[in-house]
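Which chain is which? The protein sequence lines are E and L, in order. Residues 1 to 254, numbered by the numbering used here, are exactly what the first sequence covers, in order. Residues 255 to 508, numbered by the numbering used here, are exactly what the second sequence covers, in order.
Simulated from the structure, these hints should not be mistaken for lab results. Take these hints with a grain of salt, some might be off.
Covered by chain E, per the in silico footprint, the following chain L stretches (three or more residues, Cβ under 8 Å) [to be verified]:
(1) 324-334
(2) 458-472
(3) 475-488
All C-beta atoms, glycine included, are put in the ideal place defined by N, C-alpha and C.
There are 2 protein chains.
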Amino acid sequence: MTYCLAISTAHGLVFASDSRTNAGLDDISVHGKMHSFIWEGDRFLTLLSAGSLATTQAVIKRLREDAAGTGHSLLSMPSMAAVADYVGGLSTEIQRHHSGRDTASTNFESTFILGGQIGTAAPALYLIYPQGNYIHSSSAQPFFQIGEFKYGKPILDRVIGENTTLEDAARCALVSIDSTMRSNLTVGPPIELHLYPRNSLKKGRYLQLDQDDDFWRELSNSWSIGLNRALGELPPFSWEQADQPPSIRSISQS
Amino acid sequence: MTYCLAISTAHGLVFASDSRTNAGLDDISVHGKMHSFIWEGDRFLTLLSAGSLATTQAVIKRLREDAAGTGHSLLSMPSMAAVADYVGGLSTEIQRHHSGRDTASTNFESTFILGGQIGTAAPALYLIYPQGNYIHSSSAQPFFQIGEFKYGKPILDRVIGENTTLEDAARCALVSIDSTMRSNLTVGPPIELHLYPRNSLKKGRYLQLDQDDDFWRELSNSWSIGLNRALGELPPFSWEQADQPPSIRSISQS
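Excised from the complex, chain E in its bound form (with noise of 0.2 Å):
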């Protein structure tokens, strides 16, 4: 499986995936899920994607191949949103090739989610669906998440906002991204975080992240620290002695 998630706030865009793949639960390895296409000054895009690796591979083949030439390209499109429908184009196109000759009912979806700026436009997030079509990010609906995205839905749900600062947005990717992993197994690091400023139209902030990594383990350790800390200070119930202070009922199991 997989986790990738992408974060727009007025500061710019997140972007943090996981990197394991599996075909069942013997066969697992680490592949990257996010690819970024940058021309400097003109245009910053990254791809996250979930479902079939061999369809997103030759998604991604396609993307560079396009853009080494002269015709219809990442380079070329005018918008954002014909980037999305361009990217959707060539995953079905794929997906219809893989099908035609396919023995058995083989399924060979794949969800992208597209990040990006071009020019003077504003950042954009699109999901695009294996069938093609797409939908965009609102203030309303800041952030996408595609493959396992329920156990790091809650912490975005309650923290992501408009005005989130793009490192504390990505610190929320992060704790995201390990509550998942901690809860299930198919997803896995490395995980690769790209911070893009509004406006930089170049390359930001890019980390990639081993569970052994000392930010990491820092990271998770203050995350459990906190959360046991957020638990022992709820209200206690009518039944509790009203004097007990919150400290003496906090929890210590981390």
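Guided by the hints, dock chain L onto chain E, whose structure is given.
The following block gives chain L in isolation, referenced to the frame of chain E:
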């Protein structure tokens, strides 16, 4: 859909469940999913249910009818394992009855969490599958969840341990349900909560909480504040000013 969970710690058992039932998105109603059977001083038994409401109601009805008779019943079972086997048998019998006259391919499956204590034996939790077989809890698996379980699992994974008090486990269960309700419309109030202190062999603390309940609202707000503070105190990225205190980085959105 549904979300129910039960937690076992050294101090006893905690049960929590939502009350939303839906047959399609436009056919939503309220049905309790927590059913207790108590013979004070002898045994305390509680069932949580997910899946076909018809099957669940038929199982509960049979349990009550049997308990009023003199044959095999919840009252005559010598152990929690025997109760799990008995409930699993009733569930599969009822499913078979309805499948036998089904003209479509209807899903009659129900899943149960059974928890309780019989006499001087230790309290125990069982997860009873639709197939009638079952597993029990352990120190490595101190909680069971049924229904929409993913949203609310990370907090349980991080917090629940052998020594967690019943009240802390209950608050954690409420947070787990609150997070699920915020992220998924098919889980809804009122919430039922039951705390069973080990060796009490009688009804424990029982609460029914609606979304406009003061305690529920206070708990949910307190949790949002605590989560945001925990996020604000996560370690800074290497490029952030090292001398910038965490409080400046804290997030305002609740």
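* Which of the numbered hints are not met once you compare them with the structure shown? -> As far as the earlier hints go, only 1 is violated by this structure.
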